[in-house]
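Number of protein chains: 2
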Amino acid sequence: MSEVREKALAAKQVTSQLAALSTEQKNQALLAMADALIAQQSAIIEANNVDLKRGRENGLTSALLDRLALNEQRILAMAEGLRQVAELPDPIGEVLETSVRPNGMEIRKVRVPIGLIGMIYEARPNVTVDAAGLALKTGNAVLLRGGSSALESNLAIVRVLHEALAKTELPPQALQIIENPDRASVDELLKLNGIVDIVIPRGGQSLIQTVVKNATVPVIETGAGICHTYIDASADPEMAMEIAFNAKVQRPSVCNAMETLLVHESFAKEHLPALAAKFKEANVEMRGCERSRELVSDMLAATEEDYATEYNDYIMNVKVVGNIDEAIAHIARFGTMHSECIVTSDEQNAAKFLQQVDAAAVYHNVSTRFTDGFEFGFGAEIGISTQKLHARGPMGLPALTSTKYIITGNGQIRS
Amino acid sequence: MSEVREKALAAKQVTSQLAALSTEQKNQALLAMADALIAQQSAIIEANNVDLKRGRENGLTSALLDRLALNEQRILAMAEGLRQVAELPDPIGEVLETSVRPNGMEIRKVRVPIGLIGMIYEARPNVTVDAAGLALKTGNAVLLRGGSSALESNLAIVRVLHEALAKTELPPQALQIIENPDRASVDELLKLNGIVDIVIPRGGQSLIQTVVKNATVPVIETGAGICHTYIDASADPEMAMEIAFNAKVQRPSVCNAMETLLVHESFAKEHLPALAAKFKEANVEMRGCERSRELVSDMLAATEEDYATEYNDYIMNVKVVGNIDEAIAHIARFGTMHSECIVTSDEQNAAKFLQQVDAAAVYHNVSTRFTDGFEFGFGAEIGISTQKLHARGPMGLPALTSTKYIITGNGQIRS
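From first to last, the protein sequence lines are chains A and B. Under this note's numbering, the residue at position 198 of the first sequence is numbered 198, and the numbers go up by one with no gaps. Under this note's numbering, the residue at position 334 of the second sequence is numbered 334, and the numbers go up by one with no gaps.
Calculated from the structure, these hints are not laboratory results. Bear in mind the structure is a predicted one, so any value in this text is a computation, not a measurement. Treat the hints with care, as some may be off.
What the hints assert, rightly or not - Derived lysine to aspartate or glutamate pairs resembling EDC-like cross-links, with alpha carbons at most 20 Å apart: (1) A:K109 <-> B:E375; (2) A:K213 <-> B:E188; (3) A:K109 <-> B:E188; (4) B:K109 <-> A:E375; (5) A:K213 <-> A:D187; (6) A:K213 <-> B:D187; (7) B:K109 <-> A:E188; (8) B:K352 <-> B:D236; (9) B:K109 <-> A:D187; (10) A:K191 <-> B:D187; (11) B:K213 <-> A:E188; (12) B:K109 <-> A:E169; (13) B:K352 <-> A:E188; (14) B:K352 <-> A:D187; (15) B:K269 <-> B:D236; (16) A:K352 <-> B:E106; (17) B:K191 <-> A:D187; (18) A:K278 <-> A:E242; (19) B:K213 <-> A:D187; (20) B:K352 <-> A:E106; (21) A:K352 <-> B:E375; (22) A:K109 <-> B:E97; (23) A:K352 <-> B:D372.
Claimed, not checked - Simulated coverage check for chain A against chain B, where a stretch passes if three residues somewhere in it have a Cβ under 8 Å from a Cβ of chain B: (24) 20–29; (25) 119–126; (26) 361–368; (27) 405–413.
For glycine and all other residues, C-beta sits at the position ideal for the given N, C-alpha and C.
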């Protein structure tokens, strides 16, 4: 039997046991995991050094090496994350609906774990801890398939977590990691229908598209963000500039950062030059439509492909539009249904934008950078869903649950 | 451009318009559709006769011909169905959560349409009307791909519905049907990511598996039901017999009917012979394990394959188990996570079964036949989900919706 199948079956075997754990038992397990990470940080850092060394030999960029690197502080942050998840309310067992039918039978809809969650992700080893914590808190088993560049770190982390779990009532089998993370392991994982209940990919567009295109098990698509900020004619100039600047510059590498600025022509005429100067000062490369280039002399020309690109970098597109409908149409064409913002003082336009733009999060006079489980007050986040099924937007603990109808009666039969 | 792509794009084009319709506007459209079906029933019945004639020539079974046949009464029932859907509360616009964050921004989670729903289904032409009604009521566009045996009926129905919609504020483009329903049309529909938001298959196992295995768009898996009734040691004999009999015999062709009866050995010793006699009287063929065959002489032997078969017919399996754990393990192995029942007077065993059995609907002392949107009081049903993502069990109108976060503020930026 392949490694993936064997580990999936081992995890699946304990799902019923996990579903029956009390909140207390799950929280104790999370706290034990947190303590163990700190107690055994030197072993983890040692393993991480092996990954870093190989990464340097393989010519990883310094940005990727930085994402991969673990130190005392980062391990402390991972442990803190687990402790915070332990403190969150447990969604399992929550009764969402109840009804008594005319024949006297009672129907309750209750939250239950999903079962076995497959996670496919890339370089950051902290995802290993995050995903384990969130899945176990919600009574799920989890099969992790991390990237090969973080393999030693991930294996060391899971070894530490397994040791910790062995002393708790949560069966260590619930947490599995693929030790040979080749391409075939992904292909197989994506087709384990009946064993793996859902797969969540976390990483770049190519990883996510591979998962979406090849999976036969249900997938929650996450992460791709071509986000827009539309500055309407009536926008407060100072607010508009602050929001657009924040959306692009505060952290360009993340999915809720702005890629394209849409500006109403009358606002553009008056304020685009000043706005562009501010972006230029922050070393943001701007690619614009013809009309923006007439207003700002040293802007590159934006291509169709640029509008369809998630830069995740200090690069942005600028497009002047004649009216709000043009802005909405541009977003419908190039957006990824992640986060979209309108800055306006016109309540009618705001309402129109919020209603017509089809995205997980639509903003009026607020930066798109807030699309995030922590900022939304969920206390944790397993990813940001950009699909419309099951969960949309930042996914907190409830997104890792399913439901079950429990029907009780005294002999009801159907006639 | 292919027919499928062209029609999907035409439907997609009006999704934003549909999302903005008022409940009143949608209901008027549904009522106009209902009136038109009745007014133009002769055209529909004529088209249906063409399907029936071809069906007879192609040697369809009388059961299939019956499912295909339309008459005045059945068209009236379809119209009635639309009127009932018009009367249901509209989930769109419902505010599910609100919060004000410390920075003053307000977050609302509201129900929105999914967008464009693809429906792939088999012989019954009434699904055409059902699916159209439920999708449009929830502000969705719908692309129908029915079976070729009902093609003329389906096209005639959609023609009538289009004429009706043309006089309402709901754009007729929202309802599309494939006129050339070959295999390639399914293959293409399943891969229209970015255009089709979800696909719902309705039909036999082979159709559903084709969809699940080939779709790259999100799918809601429906329908397969290998359901069990477990009679525990302490079950009230009369209640147990009635529930098991009802679960099998009241309508064997449907997904929530029982396929396998599990009986505790002590109950079996005393009552299995009488129970078997009752099933025999109703012409149910029984296939049993060794121990049941010792108690009931003329039972066939059940194979592993039998336990894994959804008969949808007057055939059932019988298995004697030593205890409740054996019953739960059998269900975990052979069940399809649809509907499972325990008959017992022992509250502890009931609780254990309801907790540990992983299915959309778990029953205590109630027949599995109740897993149905109407019986659950949802007023309508688009199918019964047997997956854990998005919706599980009978799917009413809310299952055809997604959500959107609407964030409003006065210049909040992230620091």
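Consistency of the hints with the structure:
1. A:K109 <-> B:E375: 14 Å, holds
2. A:K213 <-> B:E188: Holds, because 13 Å separates the two Cα atoms, which is no more than 20 Å.
3. A:K109 <-> B:E188: 36 Å, violated
4. B:K109 <-> A:E375: Status holds; Cα separation ~14 Å.
5. A:K213 <-> A:D187: 11 Å, holds
6. A:K213 <-> B:D187: 13 Å, holds
7. B:K109 <-> A:E188: 36 Å, violated
8. B:K352 <-> B:D236: Roughly 18 Å between the alpha carbons, so the hint for B:K352 and B:D236 holds.
9. B:K109 <-> A:D187: 35 Å, violated
10. A:K191 <-> B:D187: 18 Å, holds
11. B:K213 <-> A:E188: 13 Å, holds
12. B:K109 <-> A:E169: 36 Å, violated
13. B:K352 <-> A:E188: 34 Å, violated
14. B:K352 <-> A:D187: Distance ~36 Å between B:K352 and A:D187 Cα, so the pair is violated.
15. B:K269 <-> B:D236: 14 Å, holds
16. A:K352 <-> B:E106: 18 Å, holds
17. B:K191 <-> A:D187: Holds - the C-alpha atoms of A:D187 and B:K191 are around 18 Å apart, at most 20 Å.
18. A:K278 <-> A:E242: OK: A:K278 and A:E242 at ~10 Å, within 20 Å.
19. B:K213 <-> A:D187: Satisfied, since the Cα-Cα distance of roughly 13 Å is no more than 20 Å.
20. B:K352 <-> A:E106: This hinted pair holds, its Cα atoms lying about 18 Å apart.
21. A:K352 <-> B:E375: 39 Å, violated
22. A:K109 <-> B:E97: Holds - the C-alpha atoms of B:E97 and A:K109 are around 19 Å apart, at most 20 Å.
23. A:K352 <-> B:D372: 38 Å, violated
24. 20–29: Coverage by chain B is violated for the stretch 20–29 of chain A (1 residues, Cβ < 8 Å).
25. 119–126: Our answer is that it is violated, as 0 residues pass the Cβ test (under 8 Å) against chain B, missing three.
26. 361–368: holds (count 7)
27. 405–413: holds (count 9)
Figure legend: structure checked against the earlier numbered hints; hints not met, in rising order: 3, 7, 9, 12, 13, 14, 21, 23, 24 and 25.
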